[in-house]
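Let's have the full structure, built from the sequences with the hints guiding it.
Protein sequences, first through last, are from chains A and B. Mapping of the first sequence onto my numbering: residues 9 to 282, in sequence order. Mapping of the second sequence onto my numbering: residues 645 to 841, in sequence order.
Honestly, I wouldn't trust all of these hints.
Claimed, not checked - Estimated spans, in silico, between C-beta atoms of each pair:
#1 B:D841 <-> A:L119: 33 to 43 angstroms
#2 A:F37 <-> B:S723: 51 to 61 angstroms
#3 B:R692 <-> A:L238: 19 to 29 angstroms
#4 B:H675 <-> A:M111: 34 to 44 angstroms
#5 A:L64 <-> B:D728: 30 to 40 angstroms
#6 A:A270 <-> B:G687: 29 to 39 angstroms
#7 A:A87 <-> B:P752: 39 to 49 angstroms
#8 A:M111 <-> B:G825: 24 to 34 angstroms
#9 A:A266 <-> B:P783: 45 to 55 angstroms
#10 B:Y839 <-> A:G267: 38 to 48 angstroms
#11 A:A120 <-> B:K690: 38 to 48 angstroms
#12 A:P16 <-> B:A708: 46 to 56 angstroms
Keep in mind the hints are simulated off the structure, nothing from the lab. Every residue, glycine too, gets a C-beta built ideally from N, C-alpha and C.
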Amino acid sequence: MGELLQHPAVQAGAAPFLAALLVVAILHFVRLGGLAAVAGFSVAVFLISGFAFSPLTATRKIVLLGLVAPVVGVLVDFAFKPNRLGQIVLALAAGAAAAWTFMSVLQQKDLAQALLIGGGCAAFVAWLVGFGLAQAEQPVRAGAMGLGLGLGGGVAAVLGASALYGSYALALGAGSAAFLLWQVVTGKCIRAGATFTLSVTLTSGLLLAGTMVLAQLPWYSLAGFALVPLATHLPVPERAPVFVQATVASTYALAVAAGACAMAWHSSGGMPGS
Amino acid sequence: MKHRFAVATIALALPLAAAAAPETYTLDPYHTFLHFEVGHLNGMSKLRGRFDKVSGKFTIDRAARTGALDITVQTASISTGDSDKGSRPRSRDEHLRSPDFFNVAEFPTMTFKSTRVVFKGEVPAVIEGNATLLGVTKPLSLAVDHWRCGPNPVSKKEMCGANASGMIKRSDFGMKFGIPGVGDEQQLFAEMEGYKD
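Put into structure tokens, the structure is as follows:
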């Protein structure tokens with residue numbers, strides 16, 4: 009069992025997927041099925057690195073924010089009336105969180121470079137969160153968005169020289185897949201809300217930005233991933249069965265994510281090695 | 645009489661004062677490296693690598709039997725002989741620089757600062773101190789495997805050379821990715837040469 013839990017495919021794929029599926033199965037009755045994303049992410053963190061927050065490195069800040077995001081999401085869904093202003097405020101807060109996450113790296117650079125990199129990361133994360141929150145009431149599109157950002161982000165991170173960030177992102181994708189699969193199998197939509205969309209967009213955004221700042225993902229790959237939430241706004245046959253909607257929306261998201269991965273592949277030069 | 649006694653006392657004490665003075669040596673960056681060895685693929689082999697850029701100083705007082713060692717290692721200088729990615733997206737050295745391992749963008753240096761030097765006779769035998777890696781500081785004890793001082797045979801400048809070894813567990817410093825496929829225990833081997841300031 010121990011050896012099984014050390015296998016990367018289990019740590020980043022199977023275990024997060026199963027945990028997320030369990031969370032959806034139990035909590036969708038109370039409109040908290042959106043916690044599937046953080047469930048998958050948390051399982052991967054536990055199996056790969058464990059939870060530790062001292063010293064608070066950039067990676068640990070990403071994990072911390074990944075755990076805080078669903079809490080904020082639940083508050084937004086149940087305590088506040090979601091509106092456009094709220095989306096903007098959350099997006100800006102996410103951008104500030106991105107700058108905070110990478111502050112230890114930015115402080116080592118000259119001012120112009122720090123502003124460019126920090127500003128770029130903040131803008132990217134704010135964009136993802138802002139456009140992602142717009143899918144809060146569209147659970148199938150939201151699930152597809154999570155799938156694209158998670159799976160695509162995982163592949164891109166591995167190509168960008170960080171298998172750790174790749175594993176974390178893939179786990180997010182696995183959690184999103186479980187969220188989407190439940191809806192496909194039952195034929196019924198379940199609530200995504202900010203609980204799901206904030207989790208997925210903030211965490212995947214920070215992981216992708218982190219792979220650019222700390223590893224070797226090119227900035228233009230991030231620009232590609234910024235289009236994933238927009239892709240899930242494309243037309244989906246609203247009256248078709250859930251599995252058709254999920255397939256179409258996932259195709260949009262994964263196609264755009266594949267394009268962003270292709271850019272990362274091109275900058276890196278070829279097949280993954282050992 | 646008193647004046648002659650004072651002069652004689654001072655004259656006798658001078659060589660002792662000189663012998664008791666601590667000597668400081670600056671590490672020669674072209675002859676000072678930190679090597680490491682770690683298990684690969686669940687112990688299939690021992691992977692060896694080196695940090696190419698090491699700087700610092702050591703101080704030794706042979707009469708008082710005290711000393712100090714202060715070194716700084718540039719983490720981005722890690723090299724395991726695999727820097728050319730070829731057809732792969734990234735080389736192993738690039739992976740080691742990523743947040744998965746040494747996270748060089750966030751932590752460009754790792755350091756060792758001694759707290760005590762244990763002598764065996766007139767030469768250091770053990771250097772105890774603290775290693776700081778990824779923002780975490782832990783005790784580290786280095787065994788001095790070799791120590792020699794003398795003039796450089798070419799330039800005649802006074803120098804000392806040493807080899808020291810130790811072991812850390814990378815998980816103690818928060819570097820947990822890949823365990824046990826890539827081993828937790830890292831053997832360290834330092835080769836140092838320094839010239840007297």
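For each hint, the structure was consulted:
Between B:D841 and A:L119 the C-beta distance comes to about 36 angstroms, which sits within the given range of 33 to 43 angstroms. Range check, A:F37 to B:S723: Cβ separation about 56 angstroms, and the 51 to 61 angstroms hint holds. A hinted range of 19 to 29 angstroms is violated for the C-beta pair B:R692 and A:L238, which are about 48 angstroms apart. Taking the beta carbon of each, B:H675 and A:M111 are about 37 angstroms apart, inside 34 to 44 angstroms as hinted.
Between A:L64 and B:D728 the C-beta distance comes to about 35 angstroms, which sits within the given range of 30 to 40 angstroms. Take A:A270 and B:G687: their Cβ atoms lie about 37 angstroms apart, and the range 29 to 39 angstroms holds. In this structure, A:A87 and B:P752 meet the distance hint of 39 to 49 angstroms, their C-beta atoms being roughly 43 angstroms apart. The hinted range of 24 to 34 angstroms is satisfied by A:M111 and B:G825, whose Cβ atoms lie roughly 32 angstroms apart.
In this structure, A:A266 and B:P783 meet the distance hint of 45 to 55 angstroms, their C-beta atoms being roughly 49 angstroms apart. For the pair B:Y839 and A:G267, the beta carbons lie near 56 angstroms from each other, so the given range of 38 to 48 angstroms is not met. Hint check: A:A120 to B:K690, Cβ distance near 44 angstroms, so the stated range 38 to 48 angstroms holds. Checking the proposed 46 to 56 angstroms range against A:P16 and B:A708 shows it holds: the Cβ atoms sit about 54 angstroms from each other.
Comparing the model with each earlier hint shows violations of hints 3 and 10; every other hint is respected.
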